[in-house]
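Peer 1: Fit chain B to the known structure of chain A by using the hints.
Protein chains: 2
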Amino acid sequence: MNRREFAKLSLAGAGLALYGRSALAAKMPAVAFTRHHFEIDGKPAYLYSGEFDYFRVPKADWRRRMQLFKDAGGNCLATYIPWLIHEPVEGKFVFGGEDGVHDFEGFVQTAAEMGLYVIARPGPYQYSELHYNGLPGWLCTNYPELQSVDIKGKAIMAGSVSYIHPLFLEKAHRWFRQICPLIAKYTVSKGGPIAFTQLDNELAGIHIWFGSLDYNPDSMGFGKQDGRYPSYLKASYGDITELNKMYGTSYTDFAAVKPIAMPGTGTVIDVRRQKDYFEFYLSTVGEYGATLAGWMREMGIDTPLIHNSGGPKMVALYMDLVKKVGPGFMLGSDHYYNLDQNWAQNNPTPQSAIDAFCSLEALRLMGFPPTVWEMCSGSASDWPPPTAEDSKTWYRTNLALGMKGCNYYIFTGGPNPPGTGQTTDIYDYIAPIGVKNEIRPLYEVQKELGLFLKERPWLEDAEREYDCRFLFDFNMARADNYWKGKSAFQFSAGDAWEFFRKGALTSGLCASLSPAFCNLDSDEWVEDKTTPVIAVCSSSMSAAGQQRIVRFLKSGGRVLLAPVLPAYDENLRPCTILSDFLESPVIEENPGTFPRISIAGVINVLQNGASFITKTPPKGAEVLGVDEISGHAIEWSLKTGGGGEAIFLGFRWVHAMREHNRMMTALLSKWAGPLKVVSSNPNLWTSLRSWQGNSLLFVMNLWSAPMEGEILCRPAGKQAVNLGRQTLEPMSVKFWDLSKGMHS
Amino acid sequence: MNRREFAKLSLAGAGLALYGRSALAAKMPAVAFTRHHFEIDGKPAYLYSGEFDYFRVPKADWRRRMQLFKDAGGNCLATYIPWLIHEPVEGKFVFGGEDGVHDFEGFVQTAAEMGLYVIARPGPYQYSELHYNGLPGWLCTNYPELQSVDIKGKAIMAGSVSYIHPLFLEKAHRWFRQICPLIAKYTVSKGGPIAFTQLDNELAGIHIWFGSLDYNPDSMGFGKQDGRYPSYLKASYGDITELNKMYGTSYTDFAAVKPIAMPGTGTVIDVRRQKDYFEFYLSTVGEYGATLAGWMREMGIDTPLIHNSGGPKMVALYMDLVKKVGPGFMLGSDHYYNLDQNWAQNNPTPQSAIDAFCSLEALRLMGFPPTVWEMCSGSASDWPPPTAEDSKTWYRTNLALGMKGCNYYIFTGGPNPPGTGQTTDIYDYIAPIGVKNEIRPLYEVQKELGLFLKERPWLEDAEREYDCRFLFDFNMARADNYWKGKSAFQFSAGDAWEFFRKGALTSGLCASLSPAFCNLDSDEWVEDKTTPVIAVCSSSMSAAGQQRIVRFLKSGGRVLLAPVLPAYDENLRPCTILSDFLESPVIEENPGTFPRISIAGVINVLQNGASFITKTPPKGAEVLGVDEISGHAIEWSLKTGGGGEAIFLGFRWVHAMREHNRMMTALLSKWAGPLKVVSSNPNLWTSLRSWQGNSLLFVMNLWSAPMEGEILCRPAGKQAVNLGRQTLEPMSVKFWDLSKGMHS
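Order-wise, the sequence lines are chains A and B.
Residue numbers for the first sequence, in this note's numbering: 625 to 1368.
Residue numbers for the second sequence, in this note's numbering: 625 to 1368.
Hints may contain errors.
Copies of the same chain are indistinguishable here, so a pair counts whether it falls within one copy or spans any two.
What the hints assert, rightly or not - Computed list of lysine to any residue pairs in SDA-like fashion (alpha-carbon distance at most 25 Å, straight line):
#	residue 1	residue 2
1	K1110	I832
2	K776	W967
3	K1060	E1332
4	K776	K1108
FYI, nobody ran anything at the bench for these hints, they're computed from the structure.
One chain only, chain A, in its complex shape:
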């Protein structure tokens, strides 16, 4: 596998690969990550971690419960290190002691003795159902100036601070000066068990989830020549005249520019200004993360640094963070399917699987082994009940979709230190091991999976076998934060991102396609012409991305473009590279009230989104789909040289009908070759993961009813395997190990 070897080498060159491997003094074998896997002692190994908070679990139970996790196949523990517990009074730090609550070092030493790695999570933020999300109360109440505020200057919530406020950074630095040296003492390179150190927690959540970005004037520097916001705009626009042109304003300098309230009116200018503020806000998050990372390095922490995205839908927010922290950093994501009755669904579903898939693929595209830093294990809510059965299905679904490591949140809990817990006195969390050391059914689920993974180290290297690729645009995947619904643009990027997930990708999976994602922002995918690319477009796409698609098409690639063509670049400035290449067709929203859309031979496909007509398709284009009412083209194909072909599909849908998956099949069948996996039941989704002749086929039933289907798969380099008719129990994932010659 040349591509893979190349990647490994290039990463090593970038200083990312095999971090910590040079440790000579280590009592515990080195831990590392490459872009494909975790390694322990140089061998690929699944990182199987469990959250185990020393400040909650009674010291007397530490060894016993750690042993239980080892028995379950665990090789790592994670713990928050709550600032509020260790600095209860400003400037007075408390560590050690007999009760265990403050004995971080004792915990780390015990983990080492038990042969378990440790992920240290010193904050500053913790969340973890602690008061002020884990910040000290004195910090939040004595220093109101560091609170994050909305655009009107109103505090967002108690315990939501402005990350880059100088006073907050000063206090956080003092906390880090205490805790980071303690972490540094026990890293793997120094013979300790600490393998990873996490900076902060679910960044940006503390603002976005509670209704607003941060507009703290001191942090953002509104009105100041050298303020962050004016400086950011200056770096973007260079000259105030250019900004005035793009904003339709007449500012005399950058310091005078003020952000506008969300949501705006949907004009091009409003969307541009809101995108600017949103990206600026993310740049401050990146700056904050890089600041913390710098301190950690200065204070001697030589483990990889990690961060956990606040959920599958937030992964794309951290691009700037990843760039600013640089080598030695690894992003993962937290994957919960339910935490209380207001969540959309009580149990895992195909919709939550789509979200997890997008998250894991985005992480892979960023160059990380896809890792779930918080994998639900119990819940802060007793109701809806987090059942062992649903959890098992969720774990297997994540594994099927690419997960290479996880940390169960939580493996076991205990009493909250007095005056710190937001929920209950006992933080039991319905964890696999209860507060009285009781072993719950969820433990057996985690043990079964842990031992299964131990028996199959090759799975850590396995990748999904794919027969088509979805082009993933990180810019689009965060656009719904500032731009969705109707606007002056033909098609907003937020709506395109919804269509990507609920339309094209869902229909693709129902049509038995095996998709992998490829990164619009990278050249990696352009060379490979063997599988077609599905490019969901909004009115905006980076100039470089448009150029890549053109290059791909010119050199023999096949691309499905839907439902519009971009007319603006990533900064929302006019840019029609892709459209120009396709002879600048005029694409208009279909004005028909009741269109009748027939595409690629599939008659009357339900339009439950929108359709776009091309009155005059490009010269030489072949019309393949029309609105039968108006007769206008909806789908056309253009040969682009060297065997290349573009199909434009002016159609956006929410997957609902058999016709939608039949349309996907019809559109792609001439390009995709024999499907990797064929499932006769569109409700049974599959994933075939292979590595060096080994294969594991996953079949997922994420419904509350049993499902049946005929399953056939075609692992690379092997004969097709026909599994025949299979029945799956409600909410279950089955797998077939095709490595051992079980089927031939």
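Peer 2: Only chain B this time, still in chain A's reference frame:
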């Protein structure tokens, strides 16, 4: 059962009961409804209907499929009668013909021959995935003035008209003059099979679902002395001075008053104005319904008239309609749990069961046998798949919660007449009987239930055995349309309605309570002092309702009041009758950031909503719950004479923790006596339905994982029945018939 006999008599007096029974010429036995049940030929019988659209099902298949439904226990069919099909060109009506598409009469005659009743649904609206929701295209395109519009005058959507626009009514009247005599010809009293006639369809949905109430100026009469809106306000306020006082305005007459846009700013005045417009809008819906009903009567339709609420959450919107149409009218509701992937959940859930329960109880309180006029049977979407297993569980859940009749939407379908269907050419709907007459698993589910009901006619009369009552305020149950979240009031009625469902009621069911609802607006519940009443309050409650609670308390009733006391009446004018009776305690929102609430002996109950403190509880009150941080009272009890007692609980939550159900148990245990049903697993909800010594116990597992629990029940007048440990498969409802001495 004196209460029941009394009710029947009083209803007969009101002309509601046994409608149609006097029919002498009938070939088919009379059908009637009382407030407790349906009757066929004078005997209680479940109304088991299936949607069977003659314009879709090929005529050649009518008899065969009707027979299949009869075999399944069916006794009735329903059909839309689409205006757009029968008046394709304005003024040209098409009926009859060989193909069946236009042969309404042929269909009715065939049903009669097969011994099946018919529910006729002539619109004007149909929805049913038809173009323009079943209205003729010419009507919607040639007469733009009758479109419903938002407050800015923008049309809401194609096919959304203003119900009471004179031109729309003129056209609708012409349609009714054609179709109503045809219906009248075949009513049961005249020897035909038509037992019920539906007016319009899911009223108000066509506006509310698409983003706005109707503000059509012609319909509403803005600016006109005798316009509907000015007249409505005049009837409410009498004098413009009074309105100005309540609105803080200085209008010179009612014609000058304009509605304000939703949502407002949350001031008392804004909420009052929005409530006024919302209630006014509902009055126009009621007027429209009454107009249609009047025409139907004039044109000879002597069946009961019915209407289907657009969903469980809309039932309370139709109070005005019920009043205006008057005797001989019956409201039911449509109960779907999923129709496409954007619905909150793919399958039935405890949350959807709560919604169904509220709907069925509201219908019962309105004086109707709770009926589901559209019970999901298949789906307009192939995905998420509407499985037979989930449907079975949903049907049983509705039966457990009080359903006395239903119409499956749909039993069987077929091709849409050309140019009429919005979704697919073939309206298969994944129905129990496919378009090729294939029998699907869902048919067996419906047949099993149909035969089960036939064997147990007593079940039609059974009511839930209850051990506590929830006071239901229709005004509150529709308030979230105009008043929710933070406002100048202490606690909005929309939030109170959410707390009712997601907090108090959910915790009650998890605590093994068996609740029934009682109607705040009625005197019926005041006499019965045997079970306690839970009264969820907002800042607004009708004066009469407040008086009823006071009367109940004075005469020995026990009431739990939460989380505030009303300070305004139903018209949002100051009114503190209830508070005054409780010695006018000052109740304030708890300012503590991290309160620690202990209630009725349950320590540290999670506050995930809000809490309210009483700094000085009434003289003689006993404090039973406090915020331990501030020491202020959260819960106190006051004896009210004659054994009466009020507990005030200043606490609002979303059910999440074991502590929430333990709190409900602790609060009510001293009042409720032995529980009707005890389930040891809070995730297994139950309902015990009894009548004259017969009992059926339902146990519901609405989760995707199996559940176990110990179940014990206490049917009235019998020994307790201990069912021991029971296991329920995922997404299943079990029942035990305790009538036959299976258990003793």
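Peer 1: Would you list, in rising numerical order, the hints stated earlier that this structure does not obey?
Peer 2: Hint 2 alone not satisfied by this model.
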